[in-house]
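There are 2 protein chains.
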Amino acid sequence: MAEDRIKPFTLDFDLVSGLCKSGRAKLTHRFVSNMAAQFNDSAAAEEIVRNGDKPIYDFYELDQIPETAGDLKFGTSIVYAGKVGDEYFMTQGHFHTILETGEVYYCLAGQGAMLMETPEGEVHLAEMKAGEAVYVPPRWAHRSINTGNETMVTFFVFRSDAGHDYGTIKQKGYRKLVVERDGKPVMIDNPKWAE
Amino acid sequence: MAEDRIKPFTLDFDLVSGLCKSGRAKLTHRFVSNMAAQFNDSAAAEEIVRNGDKPIYDFYELDQIPETAGDLKFGTSIVYAGKVGDEYFMTQGHFHTILETGEVYYCLAGQGAMLMETPEGEVHLAEMKAGEAVYVPPRWAHRSINTGNETMVTFFVFRSDAGHDYGTIKQKGYRKLVVERDGKPVMIDNPKWAE
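Sequences listed follow chains W and V, in order. Every number in our numbering is 6 more than the matching position in the first sequence, counting from 1. Every number in our numbering is 6 more than the matching position in the second sequence, counting from 1.
For the record, the hints were derived by calculation from the structure and aren't laboratory data. Here the structure is a predicted model, which is why all the values come from computation and not from measurement. You may find that some hints are simply not true.
Copies of the same chain are indistinguishable here, so a pair counts whether it falls within one copy or spans any two.
Stated by the list, open to error - Restricting the straight-line Cα-Cα distance to at most 20 Å, the calculated cross-link-like pairs of lysine to aspartate or glutamate (EDC-like) are:
#, residue 1, residue 2
1, Lys89, Glu67
2, Lys190, Glu106
3, Lys135, Asp171
4, Lys89, Asp171
5, Lys176, Asp195
6, Lys135, Asp20
7, Lys182, Asp92
8, Lys89, Glu106
9, Lys32, Glu53
10, Lys27, Glu53
11, Lys135, Glu156
12, Lys32, Glu138
13, Lys178, Asp59
14, Lys60, Glu126
15, Lys27, Asp195
16, Lys89, Asp64
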């Protein structure tokens, strides 16, 4: 459909900070207050919020790209270093609404992990660091986790019509958590996970 | 189809050189001898080949990713600095076989341009430099051109089933060329272009 067409364009994303300094991409901020219920230690989350809140991550979206199966959306995700209790700062994570679509994350800075799971319960934790790309195949829910001391930045690309299903994760949580044990990230069962 | 499934994986691409140092992605080299006919000044191309040839660009491919509409392929493209006559080193360029699919190129190093055209004859030249992403919408043939003095590196992502139609470009060429005039890149009509 002609009305769905978009012309070629360029867009800046700083290769280290991930910031779109031109301001031409839409930035969304997520604070501890936006996802307190998604951390295992709700009391620790509430404490952070009471003390003035903290940013967990920022991401860019490109609303101007038509949501067709032939177009792609892209942007950067910027996850800050920190923890809620012993659980590392992380993105909310999502399935794609069109479940059979994948996503690519190319890590530009920092280090951490991509926690992935399928609806059938298969789980995969991929280590991420600057200069590594993670392939999230179709069907895998995915969440970025910053397990380091620096901001973790990724450049992501997905099919423009894929859609974000945040609800399933919000309701059920992930099967696993990534927490700090003896100074190192470890994946453990999520005690709150509901089948 | 279960047999088409791929598990999540990570793959390294150096953020400056674009090289996959682990060797886990398939690298293809293109030399002047591989595309002498595609430069306007064939005599200059033949001269380079006689003098031992020169690499124009390298790119990585991920054959392991299933070619479905829900999967994505990705990799880096590395275009060296140089010219054939007054025409800058460039990739062969392609339409996607599934024409209605786009592609994202994120420039990691160097500078240049993405030359794009539609089957209907619309032309667009997008400037590229490190930290800029170029969106190539569905239907646009695209070719990377290094107009600088350094190697130009891009990280690209496209729908895994898109396919590369190199034949159309090889036969007809692009409508435009990017050549050096007074030390600067200029887009001119391709005298050899055949409707």
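The hints, checked one at a time:
Proximity of Lys89 and Glu67 under a CA criterion of 20 Å is satisfied in neither setting, with 25 Å inside one chain copy and 37 Å between copies. In the homo-oligomer, the alpha carbons of Lys190 and Glu106 never lie at most 20 Å apart, since the shortest distance is 33 Å inside one protomer and 46 Å across protomers. In this assembly of identical chains, the alpha carbons of Lys135 and Asp171 never lie at most 20 Å apart, being 26 Å within a copy and 34 Å across copies at closest. Taking the closest pair of Cα atoms, Lys89 and Asp171 never come within 20 Å of each other, the shortest separation being 25 Å inside a single copy and 48 Å across copies.
Taking the shortest alpha-carbon separations for Lys176 and Asp195, only the intra-copy value of 16 Å comes in at or below 20 Å, while the best inter-copy value is 55 Å. For the homomeric pair Lys135 and Asp20, the shortest alpha-carbon distances inside one copy (17 Å) and between copies (11 Å) are both at most 20 Å. For the identical chains of this complex, Lys182 and Asp92 are intra-copy neighbours only, at 14 Å inside a copy versus 58 Å across copies, given an alpha-carbon limit of 20 Å. In the homo-oligomer, the alpha carbons of Lys89 and Glu106 never lie at most 20 Å apart, since the shortest distance is 32 Å inside one protomer and 43 Å across protomers.
Within a single copy, Lys32 and Glu53 get their C-alpha atoms no closer than 30 Å, and across copies no closer than 50 Å, so neither meets the 20 Å cut-off. When the C-alpha separation of Lys27 and Glu53 is checked against a cutoff of 20 Å, the pair qualifies neither within a copy, at 33 Å, nor between copies, at 45 Å. For the identical chains of this complex, Lys135 and Glu156 are intra-copy neighbours only, at 11 Å inside a copy versus 26 Å across copies, given an alpha-carbon limit of 20 Å. Only between protomers do Lys32 and Glu138 lie at most 20 Å apart by alpha-carbon distance; the minimum there is 16 Å, versus 25 Å within a single protomer.
Taking identical chains as interchangeable, the C-alpha atoms of Lys178 and Asp59 are never at most 20 Å apart, the minima being 24 Å within one chain and 60 Å between chains. In this homomeric assembly, Lys60 and Glu126 never come within 20 Å of each other (Cα to Cα): the closest approach is 34 Å inside a single copy and 51 Å across copies. For the homomeric pair Lys27 and Asp195, neither the shortest alpha-carbon distance inside one copy (39 Å) nor that between copies (35 Å) is at most 20 Å. With identical chains, the CA atoms of Lys89 and Asp64 are at most 20 Å apart within one copy only, with a shortest distance of 16 Å there and 42 Å across copies.
In this structure, the hints that do not hold are numbers 1, 2, 3, 4, 8, 9, 10, 13, 14, 15, in rising order.
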